[in-house]
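First to last, the sequence lines map onto chains A and B.
According to my numbering, the stretch in the first sequence is residues 54 to 166, in order.
According to my numbering, the stretch in the second sequence is residues 8 to 123, in order.
Calculated from the structure, these hints are not laboratory results.
The beta carbon of each residue, even a glycine, is placed where N, CA and C say it ideally should be.
There could be a bad hint or two in this list.
[To be verified] Computed list of lysine-lysine pairs in DSSO-like fashion (alpha-carbon distance at most 30 Å, straight line): (1) Lys-123(A) / Lys-120(B); (2) Lys-120(B) / Lys-64(A); (3) Lys-110(B) / Lys-64(A).
[Claimed, not checked] In silico contact screen, one side only, chain B against chain A (beta carbon under 8 Å); selected entries: (4) Leu-40; (5) Glu-48; (6) Pro-50; (7) Thr-63; (8) Thr-108; (9) Tyr-109; (10) Phe-113; (11) Gly-114; (12) Gly-116.
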Amino acid sequence: DAGITQSPRYKITETGRQVTLMCHQTWSHSYMFWYRQDLGHGLRLIYYSAAADITDKGEVPDGYVVSRSKTENFPLTLESATRSQTSVYFCASSEGGGFYGYTFGSGTRLTVV
Amino acid sequence: GQQLNQSPQSMFIQEGEDVSMNCTSSSIFNTWLWYKQDPGEGPVLLIALYKAGELTSNGRLTAQFGITRKDSFLNISASIPSDVGIYFCAGQLYESTTSGTYKYIFGTGTRLKVLA
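Generate the whole structure from the sequences, applying the supplied hints.
Here it is as structure tokens:
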């Protein structure tokens with residue numbers, strides 16, 4: 054199906070473990086983004102990518118790593134998960150850099166215990 | 008970091024009532040977006056505003072780009088139960104366009120509950 058899909062939808066992991074959240078889009082959008090959503094903070098940008106092999110930091114990048122070897126995929130890795138990274142993570146994509154806004158996935162709810 | 012003050016934080020209204028919410032900031036924005044988020048889903052774009060003073064409608068929704076470029080307003084007329092959800096504003100700062108990427112700051116959301 055066309056669209057932007059995130060997996061898994063729910064994940065529980067232990068402190069210190071590495072975990073990867075997947076994001077896949079079928080529109081061939083150049084731009085992709087990762088946000089986290091927390092109560093009282095709204096949505097905050099973690100990383101973004103303007104094209105394959107081009108990534109850049111957002112507002113809250115510490116503790117996260119991204120890669121973009123293919124246009125359609127933009128995985129987010131927590132190298133050593135901490136409880137403060139418990140959050141809902143949203144991937145988004147856009148055509149033209151986001152001038153017309155972004156299209157969001159359904160999110161991954163991550164709990165770090 | 009930059010902040011967008013969105014109010015009210017939550018509201019309960021009766022079906023059929025009109026709803027108003029707003030976003031304010033001390034910074035000037037180039038673009039304002041309004042999103043709606045249903046439970047368990049990602050935000051969905053409702054309205055985009057690109058010019059100061061612009062008034063744009065999408066069905067029962069009307070949004071305005073403030074004249075000062077520091078605020079935006081969203082109105083929902085004749086609310087219905089499916090309007091329930093969280094409404095987010097997002098502003099694109101004038102200086103935040105890097106390598107063609109438009110980065111947005113999101114408000115903390117207005118949670119709307121409609122009583123039938």
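Here is what the structure says about each hint:
{"no.": "1", "hint": "Lys-123(A) / Lys-120(B)", "result": "violated (41 Å)"}
{"no.": "2", "hint": "Lys-120(B) / Lys-64(A)", "result": "holds (28 Å)"}
{"no.": "3", "hint": "Lys-110(B) / Lys-64(A)", "result": "holds (28 Å)"}
{"no.": "4", "hint": "Leu-40", "result": "holds (5 Å)"}
{"no.": "5", "hint": "Glu-48", "result": "holds (5 Å)"}
{"no.": "6", "hint": "Pro-50", "result": "holds (5 Å)"}
{"no.": "7", "hint": "Thr-63", "result": "violated (13 Å)"}
{"no.": "8", "hint": "Thr-108", "result": "holds (5 Å)"}
{"no.": "9", "hint": "Tyr-109", "result": "holds (4 Å)"}
{"no.": "10", "hint": "Phe-113", "result": "holds (4 Å)"}
{"no.": "11", "hint": "Gly-114", "result": "holds (6 Å)"}
{"no.": "12", "hint": "Gly-116", "result": "holds (6 Å)"}
Hints 1, 7 from the earlier list are contradicted by this structure; the remaining hints agree with it.
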